[in-house]
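Sequence order for the protein chains is A and B.
By our numbering, the letter at position 245 of the first sequence is numbered 245, and the numbering carries on one by one without gaps.
By our numbering, the letter at position 268 of the second sequence is numbered 268, and the numbering carries on one by one without gaps.
For the record, the hints were derived by calculation from the structure and aren't laboratory data.
Ideal placement from N, C-alpha and C gives every residue a C-beta, glycine not left out.
Possibly wrong hints are sitting among the right ones.
As the list claims (entries may be wrong) - The following residues of chain A were derived to be distant from chain B, with all beta-carbon distances above 10 Å: (1) E10; (2) G19; (3) Y91; (4) S198; (5) V241; (6) E247; (7) T263.
Said to hold, decoys possible - Covered stretches of chain B (in silico footprint by chain A; criterion: 3 or more residues with CB under 8 Å from a CB of chain A, positions within the stretch not fixed): (8) 75-83; (9) 105-116; (10) 124-136.
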Amino acid sequence: MRVAASFEIEFLQYLDPDGRLVVELPADAPPKEEILALFRQMLFLRTFDGKAVALQRTGKLGTYAPCLGHEATQVGIGAAMRPEDVLAPSYREYGAQILRGVQLREILMYWGGDERGNDYVNEPARHDFPWAVPIATQCLHAAGAALAFKLRGEQRVAVTCCGDGGSSKTDTYAAINAAGAYTLPFVQCIINNGWAISVPRSAQTGAQTLAQKGLAGGLHCLQVDGNDLFAVLEGMRRAMVRARSGEGGSVIEFLTYRLHDHTTADDARRYRDDAEVKEAWTRDPMTRLRSWLTAQGLWDEAQEKDWIAECTRLVDVEINAYLETKTQPPETMFDFLYADLPPDILDQRAQLLAREGRA
Amino acid sequence: MKAAVDKDARPAADAGTAKPITLIEAVTQALAHEMRNDESVVVLGEDVGVNGGVFRATAGLQAQFGPMRVLDTPLDETTIAGLTVGMAAMGMKPVAEAQFDGFVYPMLDHIICHAARFRTRTRGRLTCPMVLRVPWGGGIRAPEHHSEANEALFTNVPGLRVVLPSSPARAYGLLLAAIREPDPVIYYEPKRIYRQYKELVPDDGEALPLDVCYVLRDGGDVTLVTWGAQVKETLEAAEQLAAEGISAEVIDVATLKPLDFATIAESVAKTGRCVIVHEAPRTAGFGAEIAARLAEQSMYDLVAPVERVTGFDAHMPLFRLEMKYMPAVEQIVAAAKRTLATS
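Just chain B, same shape as in the assembly (with noise of 0.2 Å):
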């Protein structure tokens, strides 16, 4: 499969009435845009309402659809996977708000004991198109469990899908697409970028397509992979190389299940070296399956070893040190080095 082109330069069609606006304002652009196109969308979760969500995803959304669009549920995170799914089975597509990131351990068995399998099961007869939106990941300060990047728990899960978008207009792309879906998609969104920085994301309802990879930097020695937050710390990282006279590719993997491998194979094979980045724990993390596939597949394309930055198998710690914790630009670039030194 042809990764998708990078659809952050998109024609300034419309640049004359449309502001820039930031990752979580796609968000509530594309939240909105499907409420209006399709009458079987609803948004539920805690203070998603009247409140707007409290980082303001679901902004302004009550009141333009009402009560019965958009539902603040009783303080539960049962509740909400439970009665999403039980939505979803009869032909509605809800989209659910997990608050934060550690608060989705509650929702797993409904996640993955029915959400995920229900097509299967019940070979066809009940499907679940649903969408689960997670804040995700650490670094805005937050209290403890507001800043776990658990992405690797789903990514073991069959018949689901795991988004991660890293840009204003990957994040409302990818969402369009993910409603659209007509399976599960657990839906991260990388709460340290939220507000980030502004593109211009026209309001035309175009999905980008799930399942494939992003190419955000063409390059020719190292290949970086990537997703989520650290998106920002990896093109940095590829910026700082270049100055250095070292071309590195970076891939944002933005479906992390299924996994579009062919365009990491196809990058590998041009340049023979790949460090993977991500903010989750080492072991067992999304980046384990990534260097497995590459030892599986293209090893006779490796010149040298699969490199990670990664998390630490540690608790991420409460703010004061969360920023130690996390991949930082220095390792990135280290990491290249590294692979580069081997041939």
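Next comes chain A alone, as it looks inside the complex (with noise of 0.2 Å):
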């Protein structure tokens, strides 16, 4: 037989679920002190996301599209860019946007129905993209953005995230053939947790794996263990220096799971059985970390105690900060559709301050 072409696709993992290394962690792996940092903000998205869930089952909060169960790939996707870098997100990878100085009080606010909350005040998180519901349209803009950063010269890496039903889209393929043809500083993060609301990964597409669907591209093309810090940051730390030297791009699969409902409006048990999430959990992402970090003398449970102590007093001023945010004007609706509005629709505008009792 000639064979035209052939492939395969490594797969990366460190950690196995029980905190204990399968493998030498990677050369490059970042110090300890560093890993426990991220480990504490796993912890802090931990604490935040049950609480934004607890703010929506008490009316304080619209839909909420939970993180539980993303905590290692979120944070290490967002440990692995530079503050000149840019994240095009989808609606749930808060993780990395807090590194990247989104407030939890916009996340809020955002799921709270105020559009406030897409205007992000802190750099570098000022100029990435805002949540994108539409499902792998972001995956474009990012090609979009890296194209840009390479017509520029400019040293930037555009990151992007759908997840396993997101990378079924037209968009994706798009984005990733994009990528390809002009060799773009860009990585296209599938985050594979199993579920499109109640579509399981298998009923998506019939290839082996979803980091499969760069090679198509011209990617190159990882699928990591999206539970395992350590496999997540090598994965990144590799699609980051090859875009950034110019190589082009990549398409990393993280394999997790999505341990809660899609969002708050969802109820996974209609579709999925007990007895996986409960196997789920044994993968959990902090749990392994955990027991790393114990075994390093690193952690223990009166950090942990302490700690989670300290992530909620300060989730607790964000909400505080969010429930006290007060209603934007209804003008606002027209205030931002074009850099100076129309005549056209400042009449349109005026009847609302009517209808106000404004006019």
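Both chains are sitting in their own frames, so use the hints and assemble them into the complex.
Okay, here's the thing in structure tokens:
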């Protein structure tokens, strides 16, 4: 047989679910203190996520997309980026966004029905893309950003995230293809959490891995254990180095699990076995990193208790700031339509003010 | 808002050096001017590079500005739209080409969900200063899906501008304005009149105002409102009406969204009659919006029902029948006469 092309997809895992090293840590792994800081960040994220769900359950937040179980993937992606890079998230990657300066109150404002949640105040998030709900459209925006960086000769990388469901979209394929055609500094993160609302990964595609979707566009492809922070960091490090040195784009599939419902408007018990979820909890990203850090003598129960208390305090400050945020005046629905509101639409703004008795 | 003066009759300052040009050459001239003027302007689309565009709108641009400013894209409209949005959000000014009007549909997600609302949904943190050029309409004996008048799709989208020039001078001036606009512009080009006639369009970098109608002919008996390639038939109709002693005012809407309704209302206040002419299908075509506004705001100025002369609520036929689909001069004349018969 003559072979036109062949491929293999590398899989990265360093920590097993019990926190034991399965292979030696990569030479470029960050120092232990940094890993500890990222673990604390993961705990902070989980604390926030739980409280956000509680806010929705008590009627103080709109529909919210929880990130329970995605902590290692999200924090690892954020940690691998430099300030000058740009992130184009879907609507769940708070862990990466918080590292880039997005405030918890902004996350809550967005899901709480206030556009100002997308007006990230802090750098470098200020130049990042906002949440993108239509599924995978952000992948092409990231490719466009990467194209802008390349045309301007800037050493910046565009990183984008979609889910296993999002990897079925035209836009994801198109972004991968464009990144290959133009050799762009682009990283497509496919966060495979097993479920696209009620449709399992097995029903999305016949492909063996989602990582290999990058092959058709000529990108470098990698699958990593998304519940292993070391694997996430190493996969991202390789992709960022490639992108920054002009070698082109990468697709990384992160294997993780959606431990919560799709959103607070969803009830996964309708379509998902409890046994599957129970099994998934044994692969929880927190457990394995906690075990490893404990074995290294870097973490113990007392520290965890203190840190969670501190996280709770920090999150409550943000929640209070969110709850105290006054609703925007209704005319703001007009005020950002155009740089200057055309007279044609000015009339409608006046009608709204009249309806409000403020004409 | 006052209607802008028609700029077709420009001062012939450099008439000695410049040659009259067609509408499509005016597009090229505007692109080249703004690429010289502003480094952040890039042109992208299918076949816009070495080939210079299937209509030649980007002819010579890649040779002049290089492949980093004039980019051929993979053959995918979704890609073109998505890249354009991403580049614009990062501070570039991409001018993308949709090769034909019938190919804009895969772009809608990016134009509607993102380009049009970037400013609003980020409270002004990110914007989308892009232009999507779309060769528009029928009448060039093209294959299926190459002859669509789908401008009304975009006029229903908040945050967009929809522009449709109808002369070389307006094509030049309005494209410059569109590129300089800090918000997204859908810039339709009436391909049937790409090469209809030439006029002197000095390359002076002077933009024409967006968001205003252009009064192409003054008249007191009836107002004819149109845009795009139908400006040709409408002006001819006005000429025929004049021969019969009827004085028609002709308004080229030019920017459909946002609409300069004041200019139309002012004209109708004078004439009391209005005929709206467009190539697109009738139902929910943009003429319906103008007719509705006349009913709301100009009811007591009207002395006759508003007439619409439009394409049919049928698919644009393949080219043997395409001219049977589109509004013709005699229909416009007849509609104008009906409005006069009522009084």
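Results of checking the hints against the structure:
no. : hint    : in the structure
1   : E10     : holds (27 Å)
2   : G19     : holds (39 Å)
3   : Y91     : holds (12 Å)
4   : S198    : holds (23 Å)
5   : V241    : holds (22 Å)
6   : E247    : holds (19 Å)
7   : T263    : holds (19 Å)
8   : 75-83   : holds (count 6)
9   : 105-116 : holds (count 5)
10  : 124-136 : holds (count 4)
Checked against the numbered hints given earlier, the structure satisfies every one of them.
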